[in-house]
Each structure stands twice: as structure tokens, then as C-alpha cells.
Amino acid sequence: MVKKKTIWPYVLLAPALIIIACVVLFPVINAILMSFQNYDLRRPKDICFNGISNYVALFQDKLFWGALWRTIVWVVAGVGFQFLFGFALALLLNQKFRGRGVVRAVSLIPWVTPGVLIGLMWRWIYDGNNGVLNDLLMMLHLITDNVPFLSQKSTAFPSVIVTIIWQGIPFFSLMILAALQGVPAELYEAADMDGATPFQKLFFVTIPSIKNTIFVTTLLRIIWVANSVDVIFNMTEGGPAYSTQTLSVYTFNKGNALNLGYASAMAICLALLLSLVAIPYLKQNFKEEK
Amino acid sequence: MKKQSIPARILKLYLPLLVLLLFILFPFYWTLITSLKPEEELYGMVVTYWPKAISFESYRKLFTTTVNFVAAMKNSFVVAFSTMVVSLLSSTLAAYAFSRFDFKGRKPLMCLFLCNNMFPTVLLLIPLYSIMRNLGILYTPVALVLSYTTFTIPFSVLLLNGFISDLPFSLEEAALIDGCNRATAFLRIVLPILTPCLVATGVYIFMTSWNEYTFAVMFTNASTRTIPVALKSLIGQLGVQWDLLTAGGIVTIIPVCIMFFFAQKRLVEGLTAGAVKG
Numbered sequence: 001m002v003k004k005k006t007i008w009p010y011v012l013l014a015p016a017l018i019i020i021a022c023v024v025l026f027p028v029i030n031a032i033l034m035s036f037q038n039y040d041l042r043r044p045k046d047i048c049f050n051g052i053s054n055y056v057a058l059f060q061d062k063l064f065w066g067a068l069w070r071t072i073v074w075v076v077a078g079v080g081f082q083f084l085f086g087f088a089l090a091l092l093l094n095q096k097f098r099g100r101g102v103v104r105a106v107s108l109i110p111w112v113t114p115g116v117l118i119g120l121m122w123r124w125i126y127d128g129n130n131g132v133l134n135d136l137l138m139m140l141h142l143i144t145d146n147v148p149f150l151s152q153k154s155t156a157f158p159s160v161i162v163t164i165i166w167q168g169i170p171f172f173s174l175m176i177l178a179a180l181q182g183v184p185a186e187l188y189e190a191a192d193m194d195g196a197t198p199f200q201k202l203f204f205v206t207i208p209s210i211k212n213t214i215f216v217t218t219l220l221r222i223i224w225v226a227n228s229v230d231v232i233f234n235m236t237e238g239g240p241a242y243s244t245q246t247l248s249v250y251t252f253n254k255g256n257a258l259n260l261g262y263a264s265a266m267a268i269c270l271a272l273l274l275s276l277v278a279i280p281y282l283k284q285n286f287k288e289e290k
Numbered sequence: 001m002k003k004q005s006i007p008a009r010i011l012k013l014y015l016p017l018l019v020l021l022l023f024i025l026f027p028f029y030w031t032l033i034t035s036l037k038p039e040e041e042l043y044g045m046v047v048t049y050w051p052k053a054i055s056f057e058s059y060r061k062l063f064t065t066t067v068n069f070v071a072a073m074k075n076s077f078v079v080a081f082s083t084m085v086v087s088l089l090s091s092t093l094a095a096y097a098f099s100r101f102d103f104k105g106r107k108p109l110m111c112l113f114l115c116n117n118m119f120p121t122v123l124l125l126i127p128l129y130s131i132m133r134n135l136g137i138l139y140t141p142v143a144l145v146l147s148y149t150t151f152t153i154p155f156s157v158l159l160l161n162g163f164i165s166d167l168p169f170s171l172e173e174a175a176l177i178d179g180c181n182r183a184t185a186f187l188r189i190v191l192p193i194l195t196p197c198l199v200a201t202g203v204y205i206f207m208t209s210w211n212e213y214t215f216a217v218m219f220t221n222a223s224t225r226t227i228p229v230a231l232k233s234l235i236g237q238l239g240v241q242w243d244l245l246t247a248g249g250i251v252t253i254i255p256v257c258i259m260f261f262f263a264q265k266r267l268v269e270g271l272t273a274g275a276v277k278g
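Line order of the protein sequences matches chains A and B. Note that this note's numbering numbers the first sequence so that position 60 is 60, with each residue one more than the last. Note that this note's numbering numbers the second sequence so that position 240 is 240, with each residue one more than the last.
Hints listed in this document are in silico derivations from the structure and should not be mistaken for laboratory results. Note that CB positions come from ideal geometry on N, CA and C, so glycine has one too. Incorrect hints may have been included.
Footprint (simulated), chain A over chain B, 3 or more residues, beta carbon under 8 Å [stated by the list, open to error]:
hint, segment
1, 19–27
2, 84–95
3, 107–115
4, 144–157
5, 171–181
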């Protein structure tokens, strides 16, 4: 590392910083300003500052509180099961068997699949008339009539949650597998000498050794899952009767309806909420930097 | 490690692995099979798990519909490729600065790039929409490339910073002593070693831009739309055309999968470097 004073690092950083300033910092300031304005592109003549009335309206909006609650359920259930299945997959892939490299690469495909396609593939699986899930459940005699999974309120939200779980398994297993391979083998040998059972090894050796990875990956996933719009939007657009509308989807729908002031106020609330998760993530990252 | 008996191995490894893989891969299988079924079979009374007759009709229809899938593919390619070039150029320089220089403001700037990954898409989407509209570049590929750099640059800077920090500094020092200046040392020594990492990062940028939907649906119109938007637009007033949609889905992920399998190893190494340390 070069310590002496030069302007080189600033020159090298300039292009990236200029782009980021234009496409991130400036828009964020813009969003903050817009959230204090009556900014509806369908009525361009009425654009004016209106103080905190967007926020007041937001806190009186039943749909906002509903969306907030659903965001919490979406994140807790989504990320929770992503972690469980991802961890299980990582433990399996950490064992030696023939074809492991191929299995590992193939299991990552959902991670590189576009969110739109994920939404649409699952929408087809859940289809009420020709959907394969209905057919499978019929064959197992679990249902007697076709269930319109995505068009009735009771099943729509659990169905989209299953889809987001499916999407997130690969990333968790990827990160955890890498961490598992870094756990020193001596720890397991020592545990074997002491006569530890497999469960004891899992809870007293494996999990403590990889807890930092679990922590950082979970925080990252929480942020991504909370921000995800494309999966829900392409499955249900937030319906039926708003039963799958999370905060991101609600904001996106409001933005699509060109009510940009209100949508900005909501986006800022979401960002503040997510900073509760982002701050511990940043702290952890800087601890590693030393 | 002691050898497990075969039944134990089946119970503890193969069976759970099979169940998980079935769950992960079934949607892809189903999409592929659907795209190969003739229409009568697709909407018939019985759901078939293997097509009775394989038909490529849906692929032919896909490329001849009014949605103009070929144009969407071209748009996606232009946007993804331009995003890749812009992001790679600026982030390689930035990552080199972060990993090779200690300067005032290094930490806060690093923090700025990290924070960037945390912003909700919708928080940027809305102001960018109004800014692009005022600049008159809404519905052009430039609008999409610029909005994609909001997430590709911060991410690539972090990834490349990890890659460059792992290269021994002594190589460049030797070059500097031998009379190279910083720029030639970078071009002749660092860049060649870094090429595979740049390829992996480039593939990642290309993939995320190719797959992105939320910005694309608001920043494009019928003539500039990218594949994800075109796919969604196959859902029309006449209901969903599942044969076309699944065929479109397969066409979309094939190039991504091919690129991913080539870059997979290096990309995973880069992403998980922090995980192994922790």
C-alpha cells in the first residue's frame, strides 16, 4: 500500500464517483425533496411544496400499514427458510461425492434467473386450471378441487413467499459452503475425540465457526428480499385485494401511477427501516477491514 | 473421516440432496416441457409430465409475434454490454485506488460504495424517472445504462477491490524499480493477472443488467424494451400465452447460463472471499 500523499487515488476514483454522484446522490436528494411536495405527474400544474402532508397521509393510509406488516412477514419467513434450506444444501454439498462440482453449479441457476421469469414460471406452476401443482396435489389426494393459488386471498401470500424462498436458497448455500470449507478440520477431530454426536458438532463446532458469515449473509438477504419488486409484481401485482402488496411493491405501484411525491415518502420510510439492518452490516464490514 | 455404510449414505446424503435438487430444478424442467408441448396438449384436460409430441411451434411463434422478441433481445444486449463496459472501466480504476493507496477519505468513500448496495430500488427509481424525463432521455437505452450503474458500480468496486488486494504488491514494486511508471506497471503487470477476475465481474454485470426488470419496465417503451419487459408483455388482454412465455423464458436464460458456467468458479471465489475470512 502506498502511503505518501499523491492525487492519484482521487483521479482514479473520479469517474466512479462522478457517476455515483449523478445517479445516486443527486436522485436521493431529489427523492427527499419530492417527498415534501405534492408531486403528481398526472397533474403537473399542481406541483408544489406541501410540507409533511405526504407523510401525514401515509401514516393514515391503511394500505401502508398493511404493506408494512406484510413486508415483515415476507422478510422473516422468506429469509428464514432461505437460510434453513440453504444451510442444509451447503452441509450436503460439503460432503464428498461424485459429480459434486456439477451439482453445485446447477443448484445456483435460480440465483442467475431473472426475477420476471421466476415470477412467471411459478405463476404457471400455481395456475388454477392447468397448473402442475394442482395436478400433483390431486394425485396425492390432498385436494379434491383445483385451488386458484394466486387469485384467492388466503393462499396468494404464502404462495409468493414459497417463490422467494426458492430464489434465495442458492445464495445462502454458496456463502455458507465457502465458510464451511474454511472451518479447520482439527476442530472436528478434537470433537470426535471427545465423543461428540453429529448434532453436537453442528451446534458447538460448525455454527460458532461460521457465525460471521451467517450474520452478514442474512443481513444482505434481508435487504434484497425487502427491496424485491419483480417476483411479486409478475405473480400478482400486489393483489388479490392487496393481499400480496409489500412496501416495495406498493411504492412501485404508486410510482407507476405517477404519484411521485407520495411514492417518494414511502420509499424514504422503507429506506429508514432498512437502515436498521444496513448499519450493523456496515459495522461488521469495517471490523473486517481493521 | 470414517467410511459410512451405503444405506446411511443414501439416507444422509443422496436422499435429502435429491429432494432439494428436485425443488430447485423442477420449475426449469416444467418451463422447458411446457415450451415443447403442442397447444392442444398444453390446455388439455390432463396434465402431462412428458410431451406426447414435441413441437417447436411456440419458438417459431415467439419470433414472429407482434411483441418483437428479436428487437428486445437486441436492446437487452446493447444495454447489458454498455453497462458492462462503463461499470468495468470506472470500477477497475476505483478498486485499484482503494487497494493500492492509503489516502485521506479512503474509509468514508469505501463506506459510500458499500452503502450504495443498501438503497431500495424504489427509492432511486422514482427520482430517476423524473430526472430522466426532464433530461429527455426517458425511453432511451442511455436511461437504462445509467440507472443500472447505480448497483453495478458499487458492487464491482467491492468485488474487484477484493481481487486486487489479493495480488502481491511486490510484483508492481519490482516493475517500478525496473523503470516502469505506475500506469505501465498497471497495464503490463496488474491487468494481465487480473483478466480472469475482470471477466467474472463483467459476466456478473452483464447478467444483472440482462435480468433487470423494475427499472426496465418504467424506463422503456415498445421500441426500446428489454427481454424481461417483453416477456411480461406476452401477458395480454387475451390472457397468458404460456407456450410463448415459457419459450421466451428458455431463450432468455440460455445465454446467461452459458456465461455463468464459464465464469462461475472465479465469481464464487470473489463473492465468498470475505465469508472465508470471517
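Legend entry - In rising order, the numbers of the hints this structure does not comply with: Hint check: 5 fails alone, others pass.
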